[in-house]
Amino acid sequence: MYLESGPFLFKPPQDYARGKSREFPDEGGAVILVLDVPDEIVQNAVSEWFPLSQGLVQFDFGAGMEELLVAWPGVAGSAEIRSVT
Amino acid sequence: MTPASPSCDRLAIAELLQKVFTPTPQGVVGLVEELLEFCRDHQLHLKIQDNSCAVGPAGEAIWDTIAWPLPKSVLRATLARIAALCVQPNAVTPYRGEGEVTLPGNPPTVLQVAFTNTPTEQRLDVRLPAVPTDDTANHEHRSEES
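These protein sequences, in sequence, are chains A and B. Note that the working numbering gives residue 59 to position 59 of the first sequence, counting from 1, and the numbers run on in steps of one. Throughout, the working numbering is defined as the position within the second sequence, counted from one, plus 1000.
Check the hints yourself; a few may be wrong.
Unchecked claim - Under 10 Å between C-beta atoms, here's a sample of chain A residues computed to sit facing chain B:
| id | residue |
| --- | --- |
| 1 | 6 |
| 2 | 10 |
| 3 | 15 |
| 4 | 23 |
| 5 | 48 |
| 6 | 50 |
| 7 | 53 |
| 8 | 63 |
| 9 | 68 |
| 10 | 72 |
| 11 | 79 |
| 12 | 81 |
| 13 | 82 |
These aren't lab readings, by the way, just hints derived from the structure by calculation. Glycine included, C-beta positions come from ideal geometry on N, C-alpha and C.
Required output: the full structure, derived from the provided sequences and hints.
As structure tokens, this is what we get:
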């Protein structure tokens, strides 16, 4: 998951979405799913390999995933889908 | 630059590779930078597959294999960063591809990379460009003259 503010050191989200779409051409095209994850859950995902300064949030079990799953109904309910042209 | 050679200490290379896996403040981005510079500085060929990490002198047989010492999510992010560095963006997707990565320097170094990054398979192959032999260099020179 990217931070909306970047930096995008793993490709901009639009490019990443287009790359995924090329890999799965029958899935309706590229989109970006925007989620508002509470800061305290994001902080649980921060580690020495995944500092927020690189713009990437990696939820793993033991690193924020459990908390994200608990909060998921509310997080998913406020999700925004942005199309990528 | 410290090219690998028959006199190069294999143990030292293995120890240096372990150091690459020591976290820096740059996280995965720093790890990728260290990994690619490790290949360039020691003229090594690197293969990561099946949770193992193998190195050997460029163009020769693999010397040593060590276990990939980091979580799978770090490996997947490592491969994603390498995909982002490829200079042929349309030749790669987040899941697979082959391309070139340019490391800054004087002169810059172009590394050839191939990777797969799916939930079930993670693979990386980093190669230095082939060094032209005298014969091929002379042939190219003659071709330019003709």
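Going down the list of hints, with the structure as the test:
1. 6: violated (13 Å)
2. 10: holds (5 Å)
3. 15: holds (7 Å)
4. 23: With a minimum Cβ separation of about 5 Å from chain B (threshold 10 Å), the hint on residue 23 of chain A holds.
5. 48: Residue 48 of chain A check passes; min Cβ-Cβ to chain B is 4 Å, inside 10 Å.
6. 50: It holds, given that the least Cβ distance between residue 50 of chain A and chain B is near 6 Å, below 10 Å.
7. 53: holds (7 Å)
8. 63: holds (8 Å)
9. 68: violated (14 Å)
10. 72: Check failed: Cβ of residue 72 of chain A comes no nearer than 19 Å to chain B, outside 10 Å.
11. 79: With Cβ-Cβ at 20 Å, over 10 Å, it is violated.
12. 81: Because about 19 Å separates residue 81 of chain A from the closest Cβ in chain B, which is outside the 10 Å limit, the hint is violated.
13. 82: Result: violated, 18 Å to nearest chain B Cβ.
In summary, the numbered hints that this structure violates are 1, 9, 10, 11, 12 and 13.
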